[in-house]
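**Student:** Construct the complete structure from the given sequences, taking the supplied hints into account.
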Amino acid sequence: MAEPATSPSAADYEKLGVFYLGRRFDRAAGKATAENYLYDSKDLTTHAVCAGMTGSGKTGLCISLLEEAALDGIPAIAIDPKGDLPNLALLFPDLAARDFEPWVDPAEARRRGQDPAAYAAGVATQWRDGLAQWGQDGGRIARLRAACDIAIYTPGSTAGLPLRLLRSFAPPPAELLSDREALADRIEGTVAGLVALLGLEADPLRSPPRNPLPWASPEPILLAKILEQAWTQGRSLDLPTLIREVQTPPFDTVGVFDLESFLPTPRRLDLAMRCNHLLASPTFAAWLDGEPLEINRLLTAPDGRPRIAILSISHLGDGERMFFVTTLLNELVSWVRAQSGTSSLRALLYMDEIFGYFPPIAAPPSKKPMLTLLKQARASGLGVLLATQNPADLDYKGLANTGTWFLGRLQTERDKLRVLEGLEGAAAATGAAFDPREMDEVLAGLPGRVFLAHNVHEDKPLLFQTRWAMSYLRGPLQREQIQRLMAPRKSAATAAPAPAAAEALRPPTPPDPAFAAAGGGARPMLPPEIEERFVPASRPVGDRSRLVYRPRLLARARVHFVKAAASVDQWQERLVMAAPPATDSTLEWKETALDALALETSPRDGASFEPAPTPVLRAKSWAAWRKQLEAVLYRDQRLVLWKSAAVEAQSSAGESEGDFRARLAHLARERRDREVEELRRRYAPKIAALQEKIHRGEERVEREQSQVGRARLDTAISTGATIAGALFGRKLASVTNVTRARSTLRGAGRASEEKEDVARAERGVETAREDLTRLESDLSRDVSTLERSLDPTALELDRIE
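What the sequence shown shows, in our numbering, is residues 14 to 814, in sequence order.
It should be emphasised that the hints constitute simulated quantities derived from the structure, not laboratory data. Accuracy of the hints is not assured; some may be wrong.
Quick list of the computed label-pair ranges, beta carbon to beta carbon [claimed, not checked]:
id	residue 1	residue 2	range
1	296	585	34 to 44 Å
2	305	491	24 to 34 Å
3	779	665	20 to 30 Å
4	719	488	52 to 62 Å
5	472	574	49 to 59 Å
6	461	809	45 to 55 Å
7	702	437	36 to 46 Å
8	305	587	13 to 23 Å
The calculated lysine-lysine pairs, modelled on DSBU-like cross-linking and capped at a C-alpha distance of 30 Å, are [to be verified]:
id	residue 1	residue 2
9	503	55
10	381	55
11	473	706
12	55	28
13	44	28
14	95	503
15	55	699
16	706	640
17	429	380
18	576	473
19	473	699
20	95	388
21	28	706
22	473	28
23	656	55
24	55	95
25	95	381
26	55	429
27	55	603
28	503	603
29	380	55
Everything numeric in this text was worked out from a predicted model, so none of it was measured. Think of the CB as a built atom: it goes at the ideal place given N, C-alpha and C, for glycine as much as any other residue.
**Tutor:** Structure representation (structure tokens):
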């Protein structure tokens, strides 16, 4: 594959709101042209599909698109079933061999007869030269590293950053709870993922398509009803609580049937045992730890920078993958429904291989939330990018409204026919012209790294060759390599101070033998007016020998913040914890990360208890502690708000500075897109007029040059005739010869005038081109000024306390 003959400069492609994906490709010449292929980021709000066989360059194209999005401040969630996407974290601005050496493939080095150091030096040179051919360098890699945070999550594993999925059993946001259809979809998706994880057989119902539960077996329906009741009551559920409620549901009937007729006790016990086996499994322990699965946390780093969250699931089994993807997609649906409308690209969802999750006939649990995102996410600015090497196994009816198709080399004729079918459907949905014969001819012979871009926002499809990726594309990373990449981040998280609830939530310890021998371990008898709650044990239910409860004081308070000047009238709930004192001393209250709704009302069987200090057993101590807490809250509680004068926005209550800066980034991007469009509209008539002037001038130059050619020919013919007549005529000074001579002189004069006309026309074209260059420079300067003024990382924030 021939690389571009000339390298573009950064000024050619570093433009606001566009992604530099490569250069136009000339099919007849078989090489890239000098014209860059710049993709408008707003076009991704109508989603995109990238299809191509292994070796087509599909992953490289999608990684380049994610790089461009990060440079533009757009976060992304990337689902990685194959293991290629962690390559995004291999960014080496120095392009030095020492940076590449730990990551090169030793087997490939041996195959080439080189040691890893020599092979790494060759890779570094290859990457440096490849970037240079496409007008890039280490400086652009450094800007990418500074612009975004790249995190690799490994749900169900501790290799990367773990994700805690049990939060999916917490009640959805109030906006979703009030929407019965959305709540039904959320329950359906949650239960579907759990059913896949438990390995339950699910048979489609012979019922209307609007039935919220697509299974005929009663087990999933029971799970759904338990979730529905808990969520509508504002209760969270974890797996231990779910297991208990499966055995003894908090209701007596399901539909018109009594509980025992609908699902007898033995079958409920079997379902509870399945859930308990899952909870007791050593491999499932990794699903209980880590960051909660929250979309905002995945999209935004604590400092407010956009994040590329790589969710690596290549290590999971099929059921676990389906459970995770379904859970994630349902969380995204809830997040989309909570966002305000926008016409700008807010975030990206990318799935590196969609095969099996969005099939044309079957209906796996992941299909419905994915279809919902394709239909609804546009209004909220979430772009969906799906990639596959098996185009025949995609639901093209579901993808009919996808705005952009990147099509590389396809493996079979069947794949090509299905792609053409999908393109025809997309064209019909948007009213765009579509020529299947021409498209078939183009797709027939695409070389590697060359793609057909069919974008409904453009006039016609085009071919382009992908640029060189800034990330080192070394192939799938193994568990140990992911672990090495994320080790510094884990160390930083371990060094951070633990939340106030850490002591209560740490793994249980065995009772002190001396304490047990002294008759301790019994449950303390508290005053009747004191409520007792118990922290759930995140451990196998069957193992009771090491479970010890420690006494802590937990208080819930509501604090009222009022400031008319800042338009604040806000009630906030605080949950605080303190260790009970041995004497009547002042307590040290600290906010806790506990979920009060998830606390249990009774202790586990067989557990032991640390003794409660004497003040805890006296009712008057509680009244004194309450007064202390009120004083502490009134004195210490602050509501901090952030305000940006440049973007004219203020943070909401409880929004951190990092979250506010992330929101400002999108607000700034929206304003930037609007103002760039305004600049383009303002400059467009002038640019069009100059381009027309250049076009007319070039036509005049051609016309004048043609006239000069004719005048020269006429003069030459006339001169030849005059000379011939003078030399061979009967009389040298005949009247005819004199007339011819005069005509020849006049013809020579006209030719000279025509040449001057050509020069004037060429000067006019050159002047128009200079005017156009100045105008484009003015536009570029105005856009750059706008970009600097709206850089969210540089915006000054006013702190309001």
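**Student:** What hint numbers does the structure not satisfy?
**Tutor:** When the structure is compared with the hints, numbers 3, 9, 16, 18 and 27 turn out to be violated.
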